[in-house]
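J.: The whole structure should be built from the sequences, with the hints applied where relevant.
So this note's numbering is basically just the index in the sequence shown, starting at one, shifted up by 4.
What the hints contain is simulated information worked out from the structure, not anything from laboratory work.
Source: prediction; values computed, not measured.
From the three backbone atoms N, C-alpha and C, an ideal C-beta is built for every residue, glycine too.
It is possible that part of the hints are untrue.
What the hints assert, rightly or not - The following label-pair restraints were derived from C-beta to C-beta distances:
| id | residue 1 | residue 2 | range |
| --- | --- | --- | --- |
| 1 | E39 | D125 | 40 to 48 Å |
| 2 | R67 | R119 | 47 to 55 Å |
| 3 | I120 | E34 | 34 to 42 Å |
| 4 | Q56 | A79 | 15 to 23 Å |
| 5 | D125 | G66 | 43 to 51 Å |
| 6 | T45 | D116 | 42 to 50 Å |
| 7 | T46 | I120 | 17 to 25 Å |
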Amino acid sequence: MPRPLGELEDAVMTRVWQWNRPVTVREVLEDLQQERSIAYTTVMTVMDNLHQKGWVRREVDGRAYRYTAVSTRAAYSAALMNEAWAQSDNPASALVAFFGMMSQDQREALNDAIRIVQRDDNPLPAPPEEAAGDKGADGSEARER
Numbered sequence: 005m006p007r008p009l010g011e012l013e014d015a016v017m018t019r020v021w022q023w024n025r026p027v028t029v030r031e032v033l034e035d036l037q038q039e040r041s042i043a044y045t046t047v048m049t050v051m052d053n054l055h056q057k058g059w060v061r062r063e064v065d066g067r068a069y070r071y072t073a074v075s076t077r078a079a080y081s082a083a084l085m086n087e088a089w090a091q092s093d094n095p096a097s098a099l100v101a102f103f104g105m106m107s108q109d110q111r112e113a114l115n116d117a118i119r120i121v122q123r124d125d126n127p128l129p130a131p132p133e134e135a136a137g138d139k140g141a142d143g144s145e146a147r148e149r
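T.: Given below as C-alpha cells:
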C-alpha cells in the first residue's frame, strides 16, 4: 500500500500526471515557482525521492533526467481508498459513511463506475451457433440435429 504523498511530493506528482510525458526537474521547478518560492535542489531531491520510492522512473537525457509516472493518479487514489477501507473494523459501515460524504456529482460518478464494473463482469453473451437453414462455412446448408 502506498503511503500518502507529502504536500510537495503531491505537487510534483500532480504535474507529472497532468503533463503525461517525460518531464525534467527544470520544467517542474518553473511551474512550481508560479505558486511558491522553491529551489532547484529541493525539486531535484523530491523527484529523486519519488524515484527511490517507485513513483516515477527516469531516463538520462543529456546531463539531466526525464521522469515519467509509473502509475496514474486514479490508481494512486484507488489504492489509498482501498487501504483506508481495509483498515476499518466494519467495512460496510465505513462505505455507508463515505457515501454519505459524497456530493451529488461524486455519487453520479460512483454510479457510472458501478455500471462499468457490472458490464465488465457480465459481458454480452456470445452469438448463438449457426441456426438451422443457415449456410455453413463450406456453403452447404446446416442440418438440424
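J.: Indicate, hint by hint, whether the structure satisfies it.
T.: So, going through the hints one by one against the coordinates:
no.	hint	result
1	E39 to D125: 40 to 48 Å	43 Å, holds
2	R67 to R119: 47 to 55 Å	50 Å, holds
3	I120 to E34: 34 to 42 Å	38 Å, holds
4	Q56 to A79: 15 to 23 Å	19 Å, holds
5	D125 to G66: 43 to 51 Å	48 Å, holds
6	T45 to D116: 42 to 50 Å	43 Å, holds
7	T46 to I120: 17 to 25 Å	40 Å, violated
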